[in-house]
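Visitor: Residue numbers (the numbering used here), protein chains in the order written: chain A, 1 to 257; chain B, 1 to 305; chain C, 1 to 636.
Since the hints were derived computationally from the structure, they do not count as laboratory data. Check before you lean on any hint, since a few could be wrong.
[What the hints assert, rightly or not] Here are the computed lysine-lysine pairs in the DSS-like style, where the Cα-Cα straight-line distance is at most 27 Å:
hint, chain 1, residue 1, chain 2, residue 2
1, A, 253, B, 305
2, A, 137, B, 76
3, A, 253, B, 208
4, A, 199, C, 439
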Amino acid sequence: MNILVCIKQVPDMETKFKINSAGDWIDEADTAFRMNEYDEFAVEEAVALKEKLGAGASLTVLSIGPERVKEAIKKALAMGADKGAHIQDDECFRKDTAQVASMIADYAKDKGFELIFTGLQSQDRGSAQVGPILAVKLGFNLVTTVVGFQYDAGAITARRELEGGLRAIVKTAAPAVITCQLGLNKPRYPTLPNIMKAKKKELAVIPAAQVAAGAAMVNTARAFHPERKGAGEMLQGDIAQVADRFVKIIREKTGLI
Amino acid sequence: MKALLVAESREGKTLPSIYELAEFARMAGAQTVMLQVGGRENPPKLDGKLYLADTKTAGELNPPLHAAMIADVAMKEGVDMVLLSHSPYGWDLAPLVAQALGAAQISEAVDYKDGQFITPALNGKLRLSLKPATAKVVVTLQAGAVAPQGEPTGTPTVEELSPPASGKPYEFLGFEAPKDGGVDLGRAKVVVSAGRGVGKVENVELVKKLAEALGGELGATRPLVDAGWVEAGRQVGASGQTVAPKLYLACGVSGAAQHIAGMKKSEFVAAINTDPEAPITEVAHVTAVADLKQLIPAILERLKK
Amino acid sequence: MYLLALAAVGFMAYGLIQRVRALLHAGKSTADIKLQIGRALWQTLAQLKAISHGGAAGWGHAIFFWCFLILTAGTTLVFIQADFTDLLFGYKFLKGGFYKIFSLALDLAGLAAILAMGGLFIRRYIFRPVGLASEPADALIHILLFLALATGFVVEGLRMAATELDMNMALAQWSPVGLVVAKVFHGMDMASLTMAHKITWWIHFLICLAFFIAIPLTKLRHIFYIPVNYALAPAGASGKLSTMALDDETAEKFGASQPADLLFKDLFDTAACVKCKRCQDQCPAHATGKPLSPMKLTQDIGAALASGVGSSLVEAVGEDAVWACVTCRACEAVCPAGVEHVRKIIEMRRGMALMEGRFPGDEVVRALDAIEVNGNPLGAALAARGDWAEGLALTGEGMEVLYFTGCYACYDRRNIKVARSFMTILGKLGVKAGTLGKKEKCCGEPARKMGNEYLYQTVAAENIESIHATGAKKIVTTCPHCFHTLANEYPDLGLDPQISVEHYTTFLAARMASFKPNGPIAPVTYHDSCYMGRYNGVFSQPRELLAAIGAPVTEMAKSRETSFCCGGGGGRILAEEKLGTRINAAKAAMAGDTGAAMVVSNCPFCLTMLEDGVKTGGLEEKMKPVDLAELLADRM
């Protein structure tokens, strides 16, 4: 059985982001990158399922982006994916979700994947759209925001997370796209033997031109830092003075203490 | 402009998110029609047409079915915009509706200016101004992004909606209540939350002491709950509880969008954070840039007097 | 008699060699063993390790050892004469003046040995030191040795009663103890004396054979094994970890999961250990209620080995014990047997980390992840690494000294002050110093000590490339962990050996004249960091610097080689302390006990731990943790 897990490499959220010269995204200089946190849970779930299914199950990990995303793909391989696919696209940050989903659909359409795992959303754009659009393009079933997953010979039972900690149990069937919420599982730390094995695993490189992206449906006009509201007061300096002022303000504004 | 507002119901009750959608549509200057599955007993208190389907026939949750119904109504009514809440229900449906309509989809909008939608990016550190390239657009609205004005009064004109014959297999088997229910943070006057910035699990105790000293309840962000440092029932945020206390004190909370969504409506927000540029500082009325391990004991001392 | 003797000695030799053979086959390749025989002989004969940090018991052992050596030498001379030179050639050498001195020496040695034995017996069975477990074998050893000595004197007394008493008092006086015993038998007839002598001689002989037989069967095997262990101990930098060859694509096993994965020396250590508990008494983890005892760990590995070379080490030792170690090496500093506890622990950690991705907590995994993504365990952005130096004049090209700042000094508020103080000092010294700025990454030491050798080698390789690119020939650090790693371990990974690496304490001590007092200074106490102290022998330089600035130092009860770790080593600065009580609180209390107003250290981990420990212990009003560089900065 063929399984696919789609991952994205995102900038580390600790970075103090600067806007790029085109004004439509961030400047990547001096930015650390990592695998999207939601995708880590997707990879773990896919690997765990593959291990459970035993021989005959094969897991491919796919990512789109410039050369650096190979690092994220290698990490997924080290976690247990069997082979990697890198759609080489240096401008992918300018593509919208529909285009990204189209590219993945074009890659995946003839490979007989039964299940496609991906994160609920990416930490950098947070649109939560690629998984669902991919399902539509491939004609797959879809379950999103998964915090519990069970697979049994094509039948899928999943626990979806709703608002306020409420969960819903839903059932559908493969082929399906599953988008994973944080806390679905505990992503494994790659072992060294697996890191070394990953170096030898197949990592196909596909030029972006070879997969159809289609026309953009959403354009990013500009990226900008939110205006600071100014209404908020900042207290810094000597702890005693800060504490005095902090307590005073709360006392004045809320009357609670 | 004409917009279709998708209201949500949960176990028979209409969720208040519809009023935010209505306010957004009003701000955008759009005429509206509404659609909802379930909630017949207490439909949205808004004037206008409401396409109403029953959960008995359409199911509590069935994205393929609900999306098909929404797309049908959207085309029938000739709307330019379909508005949903950026909730687990909404973000499940919006891409499906958008694809059915051949429309662009914008997620988690917080504002609308000159035909462009403003959305957050990078954990709220940046904003993006997005322009749809299609005539129609499907938008999910960030929870709490707009505040409805006044108490809702109105009576919808109901038009019955039947779901199409079942298409894709999707079975809803039931709800599961949160494991550690217990605390109702929604009723607390004061909520003091702990975030990743507390560093070690032992420091959660400090935040708890502060909550007690202020006569309030302890809240927490998702990472702390996932790590088991605080029970799940105390999570504040999109997938936790939504609170609107008189005082919300965020200790070591960076201010991820999902968390802010759960406390935005607090009357007075105070934050303690070592990073003066953390997203929480945008919603905080006062921020103390300090190490909470040092500041909280100092505050506790002053509260004793 | 000869046959019995041969049989006993043969049994002893066989038992000892068998065990060594088994250990040689059990562990990893022994290709790199170099025996330091001269050093071993010297250490054994001078009883250096038995005495240092051994207290009264150490002296007891040393005295007993020397006396037993004298007695053995004496008995051997008698044997050579009786069964060889006299028997075959009629030649006697035990005569005249030589024999008088000989007799006196043996008598005094025998008496001292009995007294030493008595003292050790009282210590073990009457004083009963806490943590010293006694087994039946210990009692057996005490009894055997005491009886050997006692019967020896009885034999001598009987002989003297027959040959010297009343007959040759001039000679008898040279055996004072024997004379006292002889007087007991005064009046017995010759026939009875001869019979009694013969019987007692045989009893003595058999007891000595029993002693030989007991050697391979009890901890008495240390008589041979400890000197061998002294010969096996590495000659180079202490505490240097082996650099794993990670580019070997055929390697499938990393670290130690079973006894078979340990070095011969590691396994031999378990045989050389005499369970004296000195290591346990020094261990800061043990002292604060963690399930780690270096002695028990050594014994547990031995037990695991006994149950099979393929048995699980972590199961035998206990996972919590393995992670609790702070790699302070206080255990190794006081061990009289030359056991190296820390390497075994690191190898077990490597086994868990590299083979299973197992670490002691999620917070450790997050910190390692942060090192991988942002080059520091604190999760701060890599682009901000140079921000601490805002406003300071740094030299780029042509720097004389590369200041390898270290993660804490770059990002932690308290430690940034130390980095800036050090830059002030360098400025006043007129030294052109630069840093790697944003390119600097974590030296990798905490990751390495947590067993993640792969992550360590990855960041180390990047650092080495950045360092070489600066062209700097001298590196100075303010962190002992960075220092130890760059100086002693980076060369294994290709750091140019021409580049000299120093910690600021030795660098500034070489410029001692630049420092002078600046007004009165409150009494301080000095904390010897493990990585400058025990690991690199730097004890006196910081104290000399303190003297230069006129700071009166009150030493803690445990200082220098027995300094009590702050609790931040062994990668544990990344981890939460979930078991027992806080090591840093215990340390802060020790510092507080000196009555000093400041506790001075030279390490960012120590400073962080002491700040924390002072707060937890409620000592904020009484004592201030401060780094030596901060004191020196305005006393030039």
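Visitor: All the hints need checking, so say for each whether the structure fits it.
Guide: Going through the hints against the structure:
1. A threshold of 27 Å between alpha carbons decides the hint, and for residue 253 of chain A with residue 305 of chain B the separation of about 19 Å falls inside it, so the pair holds.
2. Straight-line distance between C-alpha atoms of residue 137 of chain A and residue 76 of chain B comes to about 24 Å, which keeps the hinted pair within the 27 Å bound.
3. Restraint check: the Cα-Cα separation between residue 253 of chain A and residue 208 of chain B comes to about 22 Å, which is no more than 27 Å; the hinted pair holds.
4. The straight-line distance between the Cα atoms of residue 199 of chain A and residue 439 of chain C is roughly 26 Å, inside the 27 Å bound, and the hint therefore holds.
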